[in-house]
Amino acid sequence: MPKERDDSGISRRRFLKGGALAPLALALATAGGASVYLRPGEAHGFVLRPPGAIAARRFLAACVRCGKCAQACPYHAIRLQDRSVGIGTPYIAARQIPCYLCPDLPCVKACPSGALDPKTTEVEKVRMGTAQIVDREGCLSIRGLRCEVCYRQCPLIDQAITLEPRHNPRTGEHTIMEPVVHREKCVGCGVCENACVLPKPVIVVRETVEVQRDSYDF
Amino acid sequence: MPKERDDSGISRRRFLKGGALAPLALALATAGGASVYLRPGEAHGFVLRPPGAIAARRFLAACVRCGKCAQACPYHAIRLQDRSVGIGTPYIAARQIPCYLCPDLPCVKACPSGALDPKTTEVEKVRMGTAQIVDREGCLSIRGLRCEVCYRQCPLIDQAITLEPRHNPRTGEHTIMEPVVHREKCVGCGVCENACVLPKPVIVVRETVEVQRDSYDF
Amino acid sequence: MTSRWWLPRRAVQTGTILLLASPVAGFTFFSGNLASAELAGVRLSDPLACLQAVIGSGVLIPSFLFGALLVTSGYFVFGGRSFCGWVCPVGFLTELGEKFSSKVRRGGRFLPLATGRYILAAVLVTVAATGVPLFEVLSPIGIMGRAIAFASLVPLLVPAAILLVEGVAAPRVWCRSLCPLGAFYAIIARFSPLKVGFHRERCTGCGDCVAVCPVPEVLEPLWDQGACRVCAGECTRCLACLDICPERALSVGFRFKKEPHSVTDVGRPIEKSAP
Amino acid sequence: MTSRWWLPRRAVQTGTILLLASPVAGFTFFSGNLASAELAGVRLSDPLACLQAVIGSGVLIPSFLFGALLVTSGYFVFGGRSFCGWVCPVGFLTELGEKFSSKVRRGGRFLPLATGRYILAAVLVTVAATGVPLFEVLSPIGIMGRAIAFASLVPLLVPAAILLVEGVAAPRVWCRSLCPLGAFYAIIARFSPLKVGFHRERCTGCGDCVAVCPVPEVLEPLWDQGACRVCAGECTRCLACLDICPERALSVGFRFKKEPHSVTDVGRPIEKSAP
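Top line first, the protein sequences correspond to chains R, W, X and G. The working numbering puts the first residue of the first sequence at 1, with every later residue one more than the last. The working numbering puts the first residue of the second sequence at 1001, with every later residue one more than the last. The working numbering puts the first residue of the third sequence at 2001, with every later residue one more than the last. The working numbering puts the first residue of the fourth sequence at 3001, with every later residue one more than the last.
The reader is advised that the hints may include incorrect statements.
Claimed, not checked - Partial chain G-side listing against chain W, Cβ under 7 Å, derived: (1) Pro3008; (2) Val3012; (3) Gln3013; (4) Tyr3118; (5) Ala3121; (6) Thr3126; (7) Ala3129; (8) Val3132.
By construction, these hints were calculated from the structure, which means they are not laboratory data. Don't be surprised by glycine CBs; every beta carbon is placed ideally from N, CA and C.
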């Protein structure tokens, strides 16, 4: 009874005049949009924003995605996200090019909307994130070698990263010079992440944890 | 010339028969959908998944969001995300309830789709994440006090967290017993994050960094 | 009112809600939701959820596939979109919502039924292209199931948005034309053995069945083409037409005698009632 | 072909692209894109982008607001949707795409023009409810601007999707009916002084203007209601109607004499030409 197989064809033609191509086109268009908005891009999870960026959720609203901060950066450290809800917003891929902390902060000056807070004037007070040693077993210095590259490259040497001498239990006679990040000083510029000599950096900029005020402060 | 102010009204009525309410309803409906899919929920950035979860992007596809793992967890540690693209997927808010590493892994057994890998059988080999001390200046032990709660609570005590004695430069005569996380052993269960006595935990489970194979291994 | 199919249907719809809520009350014979569940030790899975998970992740668990095939077979026998009419909590919710709507227009034809098929295609292409199971993310069925089992209330904004749009702007637009799961089951249902039959000799052309049908397009071939049963996959087997017909001109079953004066025998319609 | 407005229009459209690309070539007189820019030291901002940023974040920088008001004033004078016809790279792209489309239907009326206003309302409510600047996220204008200035190519999938849908299923649907920025400028444009005027005594009713107009709905009041100028905000001031009219029955300008035989004088239309 193939004659009975008609269903709902009445208004279908009126709806999509494109014939058989239209569903395919709509499916492809959806997939295209989904690829842009649903696939995570290079910058996801914690995103390292340029100096002066306001709190993450307000930043996403305030940034008009004009790219002027990226055009203003003399080191081309600022890139624009190309996926998801942060599309067009600036980020820094520190492993490629970190923020070199220009004293005049041209990126902040370029921002029209206040997403990069115009009151940001001192680079030492910038808090983009906090460097962290994410793999102690990998770190050459903590393994007892004399690496110290992150320490020496840090623009706030001996403030944001210090070397702490420790007993080396493996050899029993040498000293481990452990690089230690100090959260109060670290601006999160990513120079250490960029400089780490290992194929996958063991020191990485991550989200700054809010300072806690507790009764144990001494 | 108010008579001339007609524009495009011809087909508008045909399009939305709901009159003045329809645009309002569509705007409210869009805002409702946007609140669910665009606002970040409690679990965003790095999300601590239950034991055996496959790689993050494939997990998002494989998980059918049935909640059986959450129903199987005897400690009610597994919650379901209520926002964004991970809506309905399970996560663990370790600060509220961490994973207590049931030896029979009931959550893994409950998963129908393989999003929690059924080959996961030994809790010691689980890698949900890696604990990290995110705030050295805040940690009571590193400040020279005798806290050590994370160390003592760790289900892999003396393996995932050890206490390393160090000279205390402030007093000059006491020893700092620094808790150190060992990435090869830490399963990322979050018991330490849950146990930290400070108002905001200084030890937190974060994304596991891939193990690097380099020529410096010794 | 000649039969009472609405009673067992409401019982099954309510039973589904109770089943989803049963783990909260401490019962253990059921866990999960309509995407995947374990009922009395048997694993059951939504075939579209399974398809998306497999395409998106490349992970294939045999018991998962088996559970999906079991469900597919079940709905094949009872007419695929019987899921929509008898089981789906969103169908239940929007049916109830319709009763309170200021503009109840049964079977409002805002968008054609075929739209769902395009959305289904878009969902599958998206999963293949991005690995994101688009319908598992958006599904109000999953959202309602988790709201019942886990008190996950924020996502209820999505079914609320559907109710709002259906009530004010586009009646029945979600279940009729947008839901890709409905479209998926409609494809299966086209070949289902359980169908609504039509007894032309009893029909007086009163049009009550068309007025009550949530997808009245499926009834049109009965008069336009003299069909002796409803063959369109979009029929939800809600059997409201059986309940309403004062002449018992509609029936439901697995086999239908060819009627002597039907079009399939003589080649063209003998009478054409106004719907 | 009586005038040559297409030439300056294409020049401005091309000039916009070149301006967006100029920082890549090392020029410094321009930076940014159509959301916000600095041109010869003057800060200019898209008023809708500004509105979303302020509503979503609560941050308000005076120079940002000033730049947005400057742009708003400019487009007010030249007729708001002149942005669409003369500046917007997406308008330029879809116009070019239409030339290669298999189904060029000038001014395809798939969705009514008013849809954009609802989308604009939805965007603003979403920003207020979630803090996510929905149109800045989705905007193909921003995507094209950043593709030109930063070689950010993946997001070009979005304008490509628009071209695909317009070419195959719904001609002109984006610029005509969906773009909330177009809807925003249409609201301003209704009160703009620069308008297309109509000289009824010269019109022969050939219908060429309607055929060439991207939004032919705006021309209908000229015959239906005897209007002496195009008042609808949706008119993009593309001036294609001026170019095509063999009788020079259309003109553009800031002031129009009341014609002695127009409806506004005698109260009802004297003649009604078939469009």
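Results for each hint:
no. : hint    : in the structure
1   : Pro3008 : violated, 26 Å
2   : Val3012 : violated, 25 Å
3   : Gln3013 : violated, 24 Å
4   : Tyr3118 : holds, 4 Å
5   : Ala3121 : holds, 4 Å
6   : Thr3126 : holds, 4 Å
7   : Ala3129 : holds, 4 Å
8   : Val3132 : holds, 4 Å
Consistency with the previously given hints fails for numbers 1, 2 and 3, ordered from lowest to highest.
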